[in-house]
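Participant: Combine both chains into one complex, guided by the hints.
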Amino acid sequence: MKKKNIIQGILWIAIYLVLVLIPVFFMFIEPRPEGREFWRELSVSLGFIGLAMMALQFVLTTRFKWLKAPYGADIVYHFHRQISFVALALILAHPLLLFTFSPDTLALLLVWSAPWRARAAVTAVIALFAVVGLSVWRKKLKIEYNRWRIWHGIFASAAVAFAMVHVLLVGHYVDLPWKRALWISYGIFWVGLLIYTRLIKPIFLLKRPYLVAEVKQELGNAWSLTLEPVGHKGFQFHPGQFAWITVRHSPFADVEHPFSISSSAEDQGKLTFTIKELGDFTSTIKDLQIGEKVYVDGPFGSFSVNRHSHAQEFVFIAGGVGITPIMSMLRTLVDRRDERKLTLIYANKDWNQITFRDEIEELKRKLNLKIVHVLEIPPENWFGEKGFINQEILLKSLPDFKQRNRMEIFICGPAPMMNAVEKTLDQLGVWAGDFHSERFVFV
Amino acid sequence: MRQKISTYIAIAIGGISIIVSIIFALVQSQG
Chain E
0 MKKKNIIQGI LWIAIYLVLV LIPVFFMFIE PRPEGREFWR ELSVSLGFIG LAMMALQFVL
60 TTRFKWLKAP YGADIVYHFH RQISFVALAL ILAHPLLLFT FSPDTLALLL VWSAPWRARA
120 AVTAVIALFA VVGLSVWRKK LKIEYNRWRI WHGIFASAAV AFAMVHVLLV GHYVDLPWKR
180 ALWISYGIFW VGLLIYTRLI KPIFLLKRPY LVAEVKQELG NAWSLTLEPV GHKGFQFHPG
240 QFAWITVRHS PFADVEHPFS ISSSAEDQGK LTFTIKELGD FTSTIKDLQI GEKVYVDGPF
300 GSFSVNRHSH AQEFVFIAGG VGITPIMSML RTLVDRRDER KLTLIYANKD WNQITFRDEI
360 EELKRKLNLK IVHVLEIPPE NWFGEKGFIN QEILLKSLPD FKQRNRMEIF ICGPAPMMNA
420 VEKTLDQLGV WAGDFHSERF VFV
Chain P
0 MRQKISTYIA IAIGGISIIV SIIFALVQSQ G
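Chains as they are written, first to last, in numbering that gives the first Met the number 0: chain E, 0 to 442; chain P, 0 to 30.
Bound-form chain P, shown alone (with noise of 0.2 angstroms):
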């Protein structure tokens, strides 16, 4: 059970690193 969540968790960073990613692209790219 604790190695899913730490494994959840390891693919929620990598979620919300693309979200920022593309954030900071489209801010950027417009910019």
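Same shape as in the complex, but just chain E (with noise of 0.2 angstroms):
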């Protein structure tokens, strides 16, 4: 499994170069304008470049499962993220290196007295600034979620758009119709996403709907919410999964949230998710009535047991809610009679906020599992675990941690958690392709 992943991966990275670098290939090919000075074609040259990675960025956010099987969908997001610096840079790189050594053509910032080529080009750069920074400063600047998805969209259709309109004003590598061709089905290309995401996946989701049919309190001020499909089978997830949900509104509104399933993989057709109360819209789940409408689009993720079949151990390190996936792969592995070794490293601030802590000491009785609570402030009299997962407690629940694929572990918290977790995993020496984690980071 693990083997066909690393293919799979090296795969799309493959591909994602080729089609980055596609546009310098097809101005390669004859006839070609005649040649200019170097730092004009560099210039050039790169400009195309970072035109093709912010295109490919849309199919990067697109939620295609099978483009972000081999990865997680966080890694898609990070790279998309980080690639989307590089693209900056290469973009910005194209009017500096013609400013520097062809100074005449700063004139072309002067939009009002500019051709029209330069001021879409203007126009593309000022909304690549606006969608990076958007991004970049989106919590400092208290932009909501949701909003900032809408406006990081329209951002980005219109650097996209006014880059290519910049492109063929221009026309120098796009002279020939089927140069001028190619660049106008690149365009066809990215509308047709727009079409898939904002029309097509909407209608999609609208068809199946799913009803609440539960809404339960748990420990750790957190709701299981337990859905239902109408007129459909739902769908099959491997345990550990997430999907986004949609509530009182219209899949066409975009007001999507992501949540991991807590449910097993073997209760098909229903569908929990166990949400803690943290900001504006996790704590109106408990307000939501049995019966109410939602859409979820799912499932997705990398993280489950499901990938590890040949794995001879699961180790399971949760820190608060990120308990959540892991009870799906535990209450999966339930259903599914698993005798394998099982260890639960869980992490909380105190006893009572131990989501899911009598059903947990239940599951002892029914897996080989073995429970290891880690308390931050543990009541009197506690002979557990105390303050946080460290390299202590690892090396006491992990003794045969240094056998490569023998052992597979799962991290799901609070990013600073996580980060501590995998630091102390990687310094112990455990094999990175042994331990997984993913991230509700999309921004």
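Any given hint could be a false lead.
Think about it this way: if two alpha-carbon atoms lie no more than 25 angstroms apart in a straight line, the pair counts; the simulated BS3-like pairs of lysine-lysine are [as the list claims (entries may be wrong)]:
no. : chain 1 : residue 1 : chain 2 : residue 2
1   : E       : Lys-2     : P       : Lys-3
2   : E       : Lys-422   : P       : Lys-3
3   : P       : Lys-3     : E       : Lys-138
No lab work stands behind these hints: they were computed from the structure. Since the model is a prediction, treat every value here as computed from it, not as a measurement.
Facilitator: Structure representation (structure tokens):
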């Protein structure tokens, strides 16, 4: 399974690289326009590659399951963020090289007197700055997530559209009809992606609604929301995966939130999400009424025991509500009567904040499960682990960690906890391919 | 770790893009 994922992952990166470099390959094809000075040609080439990268950003964020499967959705989004800085640098290099080596081109910045090709370029760069700026400073600017998503899409589309207009108006490397047709078909492809995400996908979701079957309070200020499909069979998922849910809006409104599924993957049809009250939206989950309509887009993610069937042992390291996808895996393993050795290291603030506390205790009777509770503020007479998950606790709980491919470790919780645990596992010499995490940071 | 790898891949793609652009500019400016 691992080998297949690695090969698939490398293949997608190779395809991505080809798609990014394809404009330059096309520029190489004869007949080519007469060559100009080195810096001008370099500037043009960097601009074309930057534009291709920008356009491919739409593919990265469109929820194609086959694209995200080898890496996990969080890594694709992480790459989307990192490559946007690379694209911005290449695109800015395009005018900066021109201004440096042909200072007369600076006059193109005077948009009131500049030709339309320059106006389109300036607008594209402004839109691109807006895309990157709003993403980097969204939290500081206190822009609500869904509002940001809408503006992110608008500015990104504008940046690509105006850059395309710039390319076609300059016309230097798109002077031949087939080269022009190529760029226009690139544009049609992006419009097609937009139509898919904004129209086709919402229609599909609208036809497959779910109804709220139960809203149950859990320890740790969390709520379990159970949904039942109406007029369809729901979807199959791997335990540990997540889905985007839309409540109180139509799927066309594009107001979605990602949550981990906490129910067993063997209990097909019904879906349970366990959601901790953390912000505006999560605080309204408890107010959902039985029978209320909900739309679910999923499943997504590669954080699952299903991808590591070879493992002789599973270790789950959870912090707070990070138990949710792990609970789905544990419940599934119960339903499958799995007899492998399991260890759950579960960190919480105090004894009364432990979501699923009683059910987890119950699971000990059904699974070969060892539980290590780690409490930041333990009660009196507590003999268990105290403080945070550290090297000492991991060493005690994972005696066979150095044997590659034997034990698969799943980590889910707040970002500082995940960073610390990953760093410690790395220091202990655990092979990076043996531990897995998924992060819900999409901006 | 996976995030670090994806950052390195993004940087590598940027580096390859620059190298390909330089090759193109060298060929085109001499042609």
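Participant: Check the structure against each numbered hint from earlier and tell me which ones fail, lowest number first.
Facilitator: No hint contradicted; all consistent.
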